[in-house]
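K.L.:
Spelled out from the first residue to the last, the chains are:
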Amino acid sequence: MRIACLVKPVPDPEYYNRISIDPVRGILTRAGIPVVMNPTDRHALEEAIRIKEKMGGEVVIFSMAPDDAGGILKDGLAMGADEAYLLSDRAFAGADTLATSYTLAKAIEQFGPFDIILAGNESADGSTSQVPPQVGVWLSMPSLAGIIRMEYGESFRVWCDVEEGRVEYEVTPPVVFAVKRGINTPRYIGIKGIMAAKSKKVSIIRVGDISVDLDRIGLNGSPTRAGRIVVPDIGRKGETITGSPGEIAEGIIEGLRKAGVIKEGMI
Amino acid sequence: MDFKFSEEQEMLRRAVREFAEKEIAPHAAEWDEKDYCPVEVIKEMGELGFLGTIVPEEYGGTGMGYTARAVIIEEVSRYSAGLGIAVMTHSLVVAPILNYGTEEQKKKYLPKLATGEYIGGLASTEPSGGSDLVNQQTTAEFKDGKWVINGKKCFITNYDIADVTLLLTKTGVNEKGRPELTAFIVKKETPGFGIGHKEDKLGLRSSSTGDLNITDLKVGEEAVLGGRGEGQKIVLATIGEVGRSGMSAIGLGIIRGCLEEGLKFAKERELYGKPLTNLQAIQFMIAENRMYYEIGKLLTYRATTLKDEGVRCDVESSMAKLHNTEAAVKAAQRTIELMGGYGVINQYPVGRYLRDAMSTISAGGTSQIMEIVIGGDTIKNF
Amino acid sequence: MRDHEDILVFTEFKDGHPLKVGLEILSKARGLADEMSGGLYAMVLTDRADGFDMLFKYGADRVYAGIDESFRYYTGAYFSRMAVSLVENIKPYAFIIGATAMGSMFAPEVAAYLKTGLAAHVIDYKIDHAGNLVQVVPSFGSRVAAEILTPHSRPQMSTVRPGTFELKENLRNGSIVHLDTSELDYIAPRVTPLGFEEVKPEGMPLEDAEVVVVGGGGIETREDWENLKELSRLLNGALGCTRPIVDKGWSDEAHMVGTSGKTIKPKVYIGIAVSGSSHHITGMKDSGLVIAINKDENAPIFDVADIRIVADYKEILPALLSMIKG
Chain A
1 MRIACLVKPV PDPEYYNRIS IDPVRGILTR AGIPVVMNPT DRHALEEAIR
51 IKEKMGGEVV IFSMAPDDAG GILKDGLAMG ADEAYLLSDR AFAGADTLAT
101 SYTLAKAIEQ FGPFDIILAG NESADGSTSQ VPPQVGVWLS MPSLAGIIRM
151 EYGESFRVWC DVEEGRVEYE VTPPVVFAVK RGINTPRYIG IKGIMAAKSK
201 KVSIIRVGDI SVDLDRIGLN GSPTRAGRIV VPDIGRKGET ITGSPGEIAE
251 GIIEGLRKAG VIKEGMI
Chain B
268 MDFKFSEEQE MLRRAVREFA EKEIAPHAAE WDEKDYCPVE VIKEMGELGF
318 LGTIVPEEYG GTGMGYTARA VIIEEVSRYS AGLGIAVMTH SLVVAPILNY
368 GTEEQKKKYL PKLATGEYIG GLASTEPSGG SDLVNQQTTA EFKDGKWVIN
418 GKKCFITNYD IADVTLLLTK TGVNEKGRPE LTAFIVKKET PGFGIGHKED
468 KLGLRSSSTG DLNITDLKVG EEAVLGGRGE GQKIVLATIG EVGRSGMSAI
518 GLGIIRGCLE EGLKFAKERE LYGKPLTNLQ AIQFMIAENR MYYEIGKLLT
568 YRATTLKDEG VRCDVESSMA KLHNTEAAVK AAQRTIELMG GYGVINQYPV
618 GRYLRDAMST ISAGGTSQIM EIVIGGDTIK NF
Chain C
650 MRDHEDILVF TEFKDGHPLK VGLEILSKAR GLADEMSGGL YAMVLTDRAD
700 GFDMLFKYGA DRVYAGIDES FRYYTGAYFS RMAVSLVENI KPYAFIIGAT
750 AMGSMFAPEV AAYLKTGLAA HVIDYKIDHA GNLVQVVPSF GSRVAAEILT
800 PHSRPQMSTV RPGTFELKEN LRNGSIVHLD TSELDYIAPR VTPLGFEEVK
850 PEGMPLEDAE VVVVGGGGIE TREDWENLKE LSRLLNGALG CTRPIVDKGW
900 SDEAHMVGTS GKTIKPKVYI GIAVSGSSHH ITGMKDSGLV IAINKDENAP
950 IFDVADIRIV ADYKEILPAL LSMIKG
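Residue numbers (this note's numbering), protein chains in the order written: chain A, 1 to 267; chain B, 268 to 649; chain C, 650 to 975.
Everything labelled a hint here was simulated from the structure, so no lab data went into it. Every value quoted in this text rests on a predicted model; they were computed, and no experiment measured them. Hints are not guaranteed to be accurate.
Claimed, not checked - The following label-pair restraints were derived from C-beta to C-beta distances:
| no. | chain 1 | residue 1 | chain 2 | residue 2 | range |
| --- | --- | --- | --- | --- | --- |
| 1 | C | Gly975 | B | Val611 | 33 to 43 Å |
| 2 | A | Lys192 | B | Lys647 | 41 to 51 Å |
| 3 | A | Lys192 | C | Asp777 | 53 to 63 Å |
| 4 | A | Lys192 | C | Leu816 | 53 to 63 Å |
| 5 | A | Ser203 | C | Tyr762 | 26 to 36 Å |
| 6 | C | Val848 | A | Arg228 | 32 to 42 Å |
To be verified - Within a straight-line C-alpha distance of at most 30 Å, the following computed DSSO-like cross-link-like pairs (lysine-lysine) qualify:
| no. | chain 1 | residue 1 | chain 2 | residue 2 |
| --- | --- | --- | --- | --- |
| 7 | A | Lys54 | B | Lys310 |
| 8 | A | Lys192 | B | Lys271 |
| 9 | B | Lys500 | B | Lys564 |
| 10 | C | Lys878 | B | Lys301 |
Backbone N, C-alpha and C fix where the C-beta goes; we use that ideal spot for every residue, glycine too.
Make a model of the complete structure from these sequences and hints.
P.N.:
Shown next as structure tokens:
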């Protein structure tokens, strides 16, 4: 079973409250915010490694990011992936989800074939959930997202989280799966993994290394354009209640009463 | 000179940091409050290979070395210096077995110690004090083919959780009339290995420290480490290079904790409508903590790099230990000042860091002992 | 720009009923269609031939309905083929899809087939002077909002999360156009739905509750969590949570409020030991009265709170519970 796993480096979600915007230039400042592996992608990688451990084969990471994301991919190798391809080139910059999925799909095609493509259901920064299904379209593979449980054998059974329940599917690879965080608990990286990663390679892929239509990559290949960026004013001028716990509780109940959610006889 | 960590060491740091943020940071205050040593977390660290860095691969470790060990201790101590010293102490039995053990002893103990199946400890200190090592009251007598050990050890970290303890004893007097000290590898379940009173410590409370009451404990010749009369050399070398570099990494972790907590507070807290970081007085404190950290880092990792290269590093380890434990106290104090009233509220961790920092000073030799080592070497060799 | 531009909305059906999100989108898109002097069309793929009235009630001029047993559950190959055919046929200006579990698989697939742009989780639409649809989307949680344009390709596709827009009735006397499903016979999907297993979320659904109590990462013990449950029950409300509670296993993603969870707008939101990450704030910022209890006065949740309580919830909660219980 050859498994491709899509991994995206993102600014650490723990620090999003620190993102500020330059009001003059309309540019986001991410200074001092570390880049980490997208949290949901770790679950995808964990699942990929589990499939490999059960069924044999290999796990290959694909990521489109600047060169300095190599460390994050190396961490993926330490978790148990076998190989990583980092798609890094100025020509890829400015890509929206369509151009990103095209570029990833072309690389996957080049270094494939793969039976399964695994990805996290959404990224912490964009949260669009678009790339995995679109990679499927470019590769003519069906895709399923929101996967919360998986069973594997000759065919795959997966359960997708939907409103009010789960839909169970039977799937015959090759296929694209996007998983949710609830599917597993990713392993910690141990020293054995780190030592093993020493001999595994992160290959940097430039635009010339894969056969792509230049009109489909980067900004040129992106049908969407980003307009203005604004910081929405969602702030409220609240009042602070202080006092003893009893007084504070009274203040809360007063607020609930004014909001009209406390009915007669409730208290 | 090369001041860069290797890629593997950087990966290790990220891996341990992640583990510490998820498994240690959320519980550190509670462990401190309840005076609880989380053995289960130490075991988990063992499974991840974090306890076996100084053990070569042939004995089930990873052979990443002492710098890797210090990285692990620093990252753990960033959130819990108490757990840091429990982890640090573990190697005080690993290193001597590796350096002085017979092939049989190495095969028997190292794989299990490297993976955390066994936790280790070192028992040398007695009620009379730790620095007067030679004056051991614990005795081992050879009777009917067995060593019979009697005595009392105190201030022993991991005393109750260690599966394997290196026990220092007096086995007689040598030809020069000096006490002859011998170290024994003793397992917890050996009859006569009495786990005594637990100390209620000021700091480092996520480690357990207490007494061992040894009564007619019998072990065979195979328990002797490095041969009869080698105990003093083994224990001094272990404390001098392994213990002190470990203590310096603990101090370094505390300093980084102070630096990070203070910085976070100063960035978020506003005064006169601006973040605290706009005030120069606050910048001075942050600069001071940063300097403590950078100096501490250089001292610690120089000592461990020497150790990894097989070069003697007792003086370097002593300097790192002296600087980092003292600087940790100052950094914690400075950070409490920076935070004003919040600094003394236990909701913030810095008060704990101060207690932990103060408790690191006596462990592995007081600051004055460090100065004697450093001073002596300077006068003789500099 | 043409003299009139039509808007197509995919309205997802379940058991013969449209999901509310589709009606919310129709309510909003009605205004856009009027502005463009165009029609508002609903696309439906369903296994039952009923429930279409609701679509006219919320402003649809026409319903394109594909009715087939295979539309009971989502199968990408079928749904995408139907949508691509319809879009190529009627060439809408915009195509909007609810960001449900199904819509989140379907929309990107269709956009990739059509090689057009897709804006995710739009919170507002405008039409600019060039006649392009300006799609406002949140980014980095709700930390920033970005405008997304699809200037050179049509349709301009986007998704909208449930609860984003208000329902607004606007009854139309519309018509139903049946879509030809015969071409599906030539598709052999490798993904086969086997069935649906209902997972009833514990307690009242978050979206329906007037009062939502949310417990955050600062909740220390399971017992405290049970007390929050009690509080939400006493207030006839629902209990929600943030990511750390899911990670602890005390609740699940169905109860999580925020970017990858639910968007809620209750009359009263009570955040207890919630720090207020931007991902969480995205999901609750439009609540009525926001009450926040957190012991850290710098917690970002206080920036969006009407009543701020800087205190340890462990002290406040017992007092509040005993007062409500009388």
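K.L.:
Is the Cα-Cα distance between C/Lys878 and B/Lys301 30 Å or less?
P.N.:
holds, 28 Å
K.L.:
Indicate whether the distance between the beta carbons of A/Lys192 and B/Lys647 respects the range 41 to 51 Å.
P.N.:
holds, 43 Å
K.L.:
At the C-beta level, are C/Val848 and A/Arg228 separated by a distance inside 32 to 42 Å?
P.N.:
holds, 41 Å
K.L.:
A/Lys192 and B/Lys271 were given as a pair; does the straight-line alpha-carbon distance stay at or below 30 Å?
P.N.:
The hint holds at about 22 Å.
K.L.:
Between the alpha carbons of A/Lys54 and B/Lys310, is the straight-line distance 30 Å or under?
P.N.:
holds, 26 Å
K.L.:
Could you tell me whether the CB distance from C/Gly975 to B/Val611 stays inside 33 to 43 Å?
P.N.:
At 39 Å between Cβs, range holds.
K.L.:
Can you confirm whether the C-alpha distance between B/Lys500 and B/Lys564 stays at or below 30 Å?
P.N.:
It holds: about 28 Å lies between the C-alpha atoms, which stays within 30 Å.
K.L.:
Holds or violated: the 26 to 36 Å window for the beta-carbon distance between A/Ser203 and C/Tyr762?
P.N.:
31 Å Cβ-Cβ, so the 26 to 36 Å window holds.
K.L.:
Taking the CB of A/Lys192 and the CB of C/Asp777, does the distance hold inside 53 to 63 Å?
P.N.:
holds, 56 Å
K.L.:
Lying within 53 to 63 Å: is that true of the beta-carbon distance A/Lys192 to C/Leu816?
P.N.:
holds, 56 Å
Going down the numbered hints, you'll see the structure goes against none, and every one checks out.
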